[in-house]
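Could you build the full structure based on these sequences and the hints that come with them?
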Amino acid sequence: MSVATGAYAVSFGALSVAAGLDMWQTMALSLLVFSGGSQFAFVGVIAAGGANVAAIATSTFLGLRNGFYGVGLAPVLRPLRGPRKVVAAQLTIDESTAVSLAQPPDDVPARREGFWWTGIGVYVLWNAITVVGALLGSRIGDPSQWGLDAAAAAAFLALVWPRLITRRAQAVFAASAILALALTPVLPAGLPVLSAALVAIIAGWPTPKPSEAVPE
Amino acid sequence: MTAYVWTWIAIIAAGVLAWAIKYAGHSVPESWLENPRVHRIAGYVTIALLAALAAVQTFTAKGDVVLDSRLAAIAVAAVLLWRKAPFLVVVLAAAVVAAGLRLMGLP
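Going down the list, the sequences are from chains U and H.
In this text, residue positions in the first sequence follow this note's numbering: the first is 1, and each later residue adds one.
In this text, residue positions in the second sequence follow this note's numbering: the first is 1, and each later residue adds one.
Think of the hints as simulated: they come from the structure by calculation, not from any bench.
None of the values given here were measured: they were computed from a predicted structure.
One or more of the hints may lead you astray.
In silico EDC-like cross-links for lysine to aspartate or glutamate, where the CA-CA straight-line distance does not exceed 20 Å [what the hints assert, rightly or not]: (1) U/K85 <-> H/E30; (2) U/K209 <-> H/E34; (3) U/K85 <-> U/E113; (4) H/K62 <-> U/D142.
This is the structure we're talking about:
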């Protein structure tokens with residue numbers, strides 16, 4: 001887990017600086033947004049020349065799943081209020097949710113500990129190693145000469161890969177990629193990516209057959 | 001205001017929204033979000049946006065669809081992911097492939 005987190009964080013720091021953000025802005029994204037996919041998306045849209053609003057919207061839509069994680073974690077972490085709730089919300093991400101909910105359902109203390117230790121550990125590691133990545137990125141001249149643009153593409157593919165377990169998920173993947181490319185020459189940068197959300201609505205609207213699993 | 005300041009505002013806005021979504025999830029009654037349709041669409045939004053980001057990052061430059069060294073890089077990345085390679089290996093391999101092809105004079 002920590003090796004994977006470190007690898008994500010190094011890539012993010014380097015790509016963010018390559019996208020034109022400075023080191024403080026890169027660190028602020030990791031401290032404030034603290035959700036890998038959303039942060040990669042934010043700098044990806046900026047790097048492609050997209051507007052700030054498009055970057056915010058793409059980052060926010062990718063963070064929607066964290067809201068659903070919060071719903072699932074609420075019974076585990078209850079009672080939760082005040083500053084503790086503010087912090088718990090910020091730590092609600094893929095990793096902390098996965099570790100917490102992987103503990104036995106009747107062992108609430110283990111689930112709670114899994115959430116807090118994973119959340120705090122990933123937060124510290126993620127932010128510390130973002131700085132390392134940003135420093136590396138700032139020593140590089142032309143990002144494309146080092147293949148950093150291809151690295152960003154591979155990072156997005158790696159983030160989505162584990163989610164492509166059902167036929168429908170694979171169809172959403174293909175349709176979204178094609179739609180975004182088809183709209184690239186006609187829409188301002190940033191909007192082709194956002195328009196892929198339409199594919200998600202079309203795919204998720206009908207009630208699936210009971211046999212068909214749905215991505216979380 | 002300068003572009004630099006606007007970027008800062010965008011970063012803070014993205015941060016506040018990211019946190020607000022998480023906080024809202026902890027706050028709403030469970031029944032509000034039990035709608036399976038909302039759950040399905042939210043799951044597919046993650047896939048759709050990441051797929052679109054991967055495609056745009058691989059096949060476009062300055063508002064046009066282009067084919068260049070990134071095609072070979074993403075193909076290598078896909079094979080490595082299929083072989084269950086770790087994240088850092090996949091990302092590094094893609095960078096090395098693209099950098100190598102460009103060193104040989106390809107776009």
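Inset, instruction - Taking the numbered hints from earlier one at a time, note which ones the structure violates and give those numbers from smallest to largest. - result: none
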